[in-house]
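K.L.:
Chains A and B are the protein sequences, given in the same order.
Be aware that the first sequence starts at 1, since it is given in my numbering, and climbs by one per residue.
Be aware that the second sequence starts at 103, since it is given in my numbering, and climbs by one per residue.
Rather than coming from a laboratory, the hints here were simulated on the basis of the structure.
C-beta atoms are modelled at their ideal positions from N, C-alpha and C, and glycine is treated no differently.
Do not rely on the hints blindly, as some may be mistaken.
Mimicking BS3-like on lysine-lysine, the simulated pairs with C-alpha atoms at most 25 Å apart in a straight line are [claimed, not checked]:
#1 B:Lys132 with A:Lys84
#2 B:Lys105 with A:Lys54
#3 A:Lys75 with B:Lys121
#4 B:Lys132 with A:Lys75
#5 A:Lys16 with B:Lys121
#6 A:Lys54 with B:Lys121
#7 A:Lys54 with B:Lys120
Derived Cβ-Cβ restraints for the label pairs, each shown as a range [what the hints assert, rightly or not]:
#8 B:Ile173 with A:Gly67: 46 to 52 Å
#9 B:Arg176 with A:Arg19: 36 to 42 Å
#10 B:Arg115 with A:Gly40: 21 to 27 Å
#11 B:Asp107 with A:Ala74: 24 to 30 Å
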Amino acid sequence: MTKRGIIEELLARHQKFSRRQSETIVNAMFEEMASVLAHGGRIEIRGFGSFGVKQRGARQGRNPRTGGMVEVEAKRVPFFRAGKELRAGLNGAEQDAAARSA
Amino acid sequence: MTKADLVDLIYERVGSSKKEACEVVEEVFKIIEDSLRQGGKVKISGFGSFTVNHKHARRGRNPQTGITIIIDSRRVLSFKPSQVLKHLVADGAKRTV
């Protein structure tokens, strides 16, 4: 599923909003989330998970092709951690039941 | 930032009621969750992609008691930020230095 797919599904589930509005909603949400992360912020969506930024220190790396040493600068990288409900949902109640009886 | 901030943003952008904005924001995350539950991959251009990976059952050990236990096979979620997001986050760091 892509962003387009989310917009289509939103249209199907929420008849109150027009196609234009649905596009605006989905685009605005992810642009805003990207912007928060760009500024080093943290995002917490209950039941879904949290996004944040981690600091990576400078390190000595290697160019895999030449084998030469290169300096890798310190940088910030975005990360995501799935929430409890989402993780549980992925593994389904029926799967849990099957595991318990096995 | 929490879900409430996203609700405010949608409320301002779309001019809907707060209640509708709240419903629609929750629905977007629900759609992503539903798709992932079905084992699908969700790719949001300019942001990143969510994929479900299968982990086999393996033997693990409780580090406190040393007792060997079986860790059941399970599905885990991974998020890979897009190049665009990676650059945004990395450049944001440079600006503040």
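K.L.:
Against each hint, give a clear statement of whether it holds in the structure.
P.N.:
Comparing the hints with the structure gives:
1. B:Lys132 with A:Lys84: 14 Å, holds
2. B:Lys105 with A:Lys54: 21 Å, holds
3. A:Lys75 with B:Lys121: Cα-Cα ~39 Å, so violated.
4. B:Lys132 with A:Lys75: Not satisfied, since the Cα-Cα distance of roughly 32 Å exceeds 25 Å.
5. A:Lys16 with B:Lys121: The hint holds at about 12 Å.
6. A:Lys54 with B:Lys121: 34 Å, violated
7. A:Lys54 with B:Lys120: 33 Å, violated
8. B:Ile173 with A:Gly67: 46 to 52 Å: Violated, since B:Ile173 and A:Gly67 (Cβ atoms, about 38 Å apart) do not stay within the stated range.
9. B:Arg176 with A:Arg19: 36 to 42 Å: 38 Å, holds
10. B:Arg115 with A:Gly40: 21 to 27 Å: 24 Å Cβ-Cβ, so the 21 to 27 Å window holds.
11. B:Asp107 with A:Ala74: 24 to 30 Å: Cβ of B:Asp107 to Cβ of A:Ala74: about 29 Å, so the range 24 to 30 Å holds.
This entry does not satisfy hints 3, 4, 6, 7 and 8, going by the numbered hints stated previously.
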